[in-house]
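A.B. asks: Sequence:
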Amino acid sequence: MTVTMYGIKNCDTIKKARTWLEARGVAYAFHDYKAAGIGRERLAEWCAEHGWEKLLNSAGTTFRKLPEADQQDLDADKAVALMVAQPSMIKRPVLDLGHRRLVGFKADAYEAALA
1 MTVTMYGIKN
11 CDTIKKARTW
21 LEARGVAYAF
31 HDYKAAGIGR
41 ERLAEWCAEH
51 GWEKLLNSAG
61 TTFRKLPEAD
71 QQDLDADKAV
81 ALMVAQPSMI
91 KRPVLDLGHR
101 RLVGFKADAY
111 EAALA
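Under the working numbering, think of the first position of the sequence shown as 1, with each following residue one higher.
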């Protein structure tokens, strides 16, 4: 199984997830979507799987700093456009297991998915 972690390298939650994977010898590739970007198509697939509400980090500073008009009347298309424009708004990490993805880091969910 090829595992890819999507996130931002200096995020505390990413650091915890990476430490967890490395402690268990899980090989993974890391995609820093702040540095490398993220495609609209991939985000749309993730939204179809998990819902844009779970992927959009509306509690984060980047989202809260948006003009109020950008925060209103959200739907999947608008949320994807915001996340493509500012990847810091994507909930972190997204762990791609090939056949499915995990959003956020919870040790028990990682344990179950990688067992």
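For the record, the hints were derived by calculation from the structure and aren't laboratory data. Just so you know, not all the hints are guaranteed correct.
[Claimed, not checked] Derived PhoX-like pairs: lysine-lysine, alpha-carbon spacing no greater than 25 Å straight-line:
1. K78 to K15
2. K34 to K16
3. K34 to K65
4. K78 to K16
No experiment lies behind these values; they were computed from the predicted model shown.
A.B. asks: Next, verify each hint and record whether it holds.
C.D. replies: Each hint tested on the structure:
The suggested pairing of K78 with K15 is violated, with an alpha-carbon distance near 29 Å, which exceeds 25 Å. With a CA separation close to 18 Å, the supplied pair K34 and K16 stays within the 25 Å bound. A hinted pair counts as satisfied when its Cα atoms are at most 25 Å apart, and K34 with K65 qualifies at roughly 17 Å. Proximity of K78 to K16 is assessed by CA-CA distance (about 30 Å); at most 25 Å being required, the pair is judged violated.
Violated hints, listed in ascending order, are 1, 4; each of the other numbered hints is respected by the structure.
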